[in-house]
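Please construct the entire structure, taking both the sequences and the accompanying hints into account.
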Amino acid sequence: MIGAILVMSLLAVLLGLTLGYAAVRFRVEEDPLVERIDAILPQTQCGQCGFPGCRPYAEAIASHQADINRCPPGGEAGIRKLAELLGVEFKPFGDDAAPTKPKSVAIIDENVCIGCTLCLQACPVDAIVGAAKQMHTVIASECTGCELCVAPCPVDCIHMVPIGENVSNWKWKYPVTILTPAH
Amino acid sequence: MNIQDYLLILIGTVFVNNIVMAKILGMCPFFGVSKKLETAIGMGAATTFVLTLGSGTSYLINQYLLGTDLAYLRTLSFIVVIAGIVGFTEMFVRWASPVLFRVLGIYLPLITSNCAVLGIPLLNVQAQHDFVQSLLYGFGGSVGFSLSLILFAGLRERLEGADMPAIFRGTSIAMITAGIMSLAFMGFAGMVKP
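Residue numbers (this note's numbering), protein chains in the order written: chain A, 35 to 217; chain B, 96 to 289.
Careful, some of the hints might be misleading.
To be verified - To be clear about the criterion: a stretch of chain B counts as covered by chain A if any three or more of its residues have a C-beta under 8 Å from a C-beta of chain A, and this derived list gives those stretches:
1) 168 to 178
2) 182 to 191
3) 260 to 272
Unchecked claim - Covered, in the sense of this in silico footprint (three residues per stretch, anywhere, with C-beta under 8 Å from a C-beta of chain B), are these stretches of chain A:
4) 38 to 48
5) 78 to 84
Said to hold, decoys possible - Distance ranges between label pairs, derived from CB positions:
6) A/Glu144 with B/Ile245: 43 to 51 Å
7) A/Pro126 with B/Val175: 51 to 59 Å
8) B/Leu132 with A/Leu119: 32 to 40 Å
9) B/Thr163 with A/Arg89: 50 to 58 Å
10) B/Gln223 with A/Gly54: 28 to 36 Å
11) B/Lys130 with A/Gly54: 31 to 39 Å
12) A/Lys167 with B/Ala191: 46 to 54 Å
13) B/Ser192 with A/Ile148: 40 to 48 Å
14) B/Ala191 with A/Val146: 50 to 58 Å
15) A/Gly54 with B/Leu195: 18 to 26 Å
16) A/Lys167 with B/Gly274: 48 to 56 Å
17) B/Ser208 with A/Leu119: 27 to 35 Å
18) A/Leu67 with B/Leu195: 22 to 30 Å
19) A/Lys167 with B/Gly265: 38 to 46 Å
Calculated directly from the structure, the hints in this document are not laboratory data.
Even glycine gets a Cβ: it sits at the ideal position worked out from N, Cα and C.
Right, here's the structure in full:
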């Protein structure tokens, strides 16, 4: 009986020491906040925030170098989530970032398209199908509306068309409460 | 013991007495992480690492700490030690190779509750293996585990796209596939004489 207790205690002490030592010796400096911010960002890697991708933007937010309102693909819902995570006030899209736009998808004017594949390479979510010298087209359900394909098109045949509300994309609106100063 | 016997243990554990297919241990990760080939490979690698280390340490503990009079502490102490090794491995991998850590991810801590990882050290004791045999048995067993897991994941990825009646979709066809795979592994049974 005493022997059993001794053996188990010895095991526990040994393991505790090993794990304690490993925790100090193999410590990894990592900011868990970056992971959580990165999880909220839409991962379109579009670069409209001014950073080369979603993770760099997440790192910049975590180190207070960037505001939370710079991610147009994330939309207002994304900013709201970031504000909730970071415990800061919600703010609308800043003047220096892209303004709020109605959600839209890219539409290729197929009569004008010359099949240059430039927009295919620009699309971060592979929502454009087509091949060299073949007409391209956008898979509307995949398009995130990031507008990255508009600039590379040499014949300007890509237009952003807002999608109106319909049965399949309608959502409850966020409640808007107007704050009034207390008297 | 000569080299041939060691080789026999290795082949025997990988194919003939495959821990999943013949001993039906470790079913939880076998069904849980076999939906994608990538995760299956990650889980296989993590299990191989922990199981090899675990069977070596368990042998040492059983031989020098427990002996015969404290044999009733075997299961308890093995569980504790394996949990400790998994914790240590997680910290070490995180420090040594962040890339590998990202690949293994959640699967490392999951190994603690893998019954194959406890089963192999206990089988080692039952078979009265010495230290090198225990290590080989652990390594071979986990290679066998990885092999069947990866094969099964490959099959399941194909099955995703197959046209089958709705009643068979998902877990039911996975169960049937596992059964047929187990039958196929019985074909190895005559390969090595124990």
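Hints, one by one, checked against the model:
1. A count of 5 residues in the stretch 168 to 178 of chain B with a Cβ less than 8 Å from any Cβ of chain A is obtained; the coverage claim is therefore met, three being the minimum.
2. Residue count for the stretch 182 to 191 of chain B with a Cβ under 8 Å from a Cβ of chain A: 7. That meets the three needed, and the coverage hint holds.
3. Figure legend: the stretch 260 to 272 of chain B, annotated as covered by chain A; annotation inconsistent (0 residues with Cβ-Cβ distances under 8 Å, at least 3 required).
4. Figure legend: the stretch 38 to 48 of chain A, annotated as covered by chain B; annotation consistent (6 residues with Cβ-Cβ distances under 8 Å, at least 3 required).
5. Given as covered by chain B, the stretch 78 to 84 of chain A fails the check, having 0 residues with a CB less than 8 Å from a CB of that chain where 3 are the minimum.
6. Taking 43 to 51 Å as the suggested C-beta distance range, the pair A/Glu144 and B/Ile245 conforms, at roughly 44 Å.
7. A beta carbon spacing of about 55 Å between A/Pro126 and B/Val175 agrees with the range 51 to 59 Å that was offered as a hint.
8. Judged by the Cβ atoms, the range 32 to 40 Å given for B/Leu132 and A/Leu119 holds: they are separated by roughly 33 Å.
9. Range check, B/Thr163 to A/Arg89: Cβ separation about 56 Å, and the 50 to 58 Å hint holds.
10. Hint check: B/Gln223 to A/Gly54, Cβ distance near 35 Å, so the stated range 28 to 36 Å holds.
11. Take B/Lys130 and A/Gly54: their Cβ atoms lie about 37 Å apart, and the range 31 to 39 Å holds.
12. Checked against the given bound of 46 to 54 Å, the beta carbons of A/Lys167 and B/Ala191, roughly 50 Å apart, stay inside it.
13. Taking 40 to 48 Å as the suggested C-beta distance range, the pair B/Ser192 and A/Ile148 conforms, at roughly 47 Å.
14. Look at B/Ala191 against A/Val146: about 55 Å separates their beta carbons, and that is inside 50 to 58 Å.
15. In this structure the hint that A/Gly54 and B/Leu195 lie 18 to 26 Å apart at CB holds, the actual value being about 23 Å.
16. Between A/Lys167 and B/Gly274 the C-beta distance comes to about 52 Å, which sits within the given range of 48 to 56 Å.
17. Here the CB-CB span from B/Ser208 to A/Leu119 is close to 31 Å, well matched to the stated 27 to 35 Å.
18. About 23 Å separates the C-beta atoms of A/Leu67 and B/Leu195, a value consistent with the hinted range of 22 to 30 Å.
19. Distance hint check for A/Lys167 and B/Gly265: the Cβ-Cβ separation is about 43 Å, which falls inside the suggested range of 38 to 46 Å.
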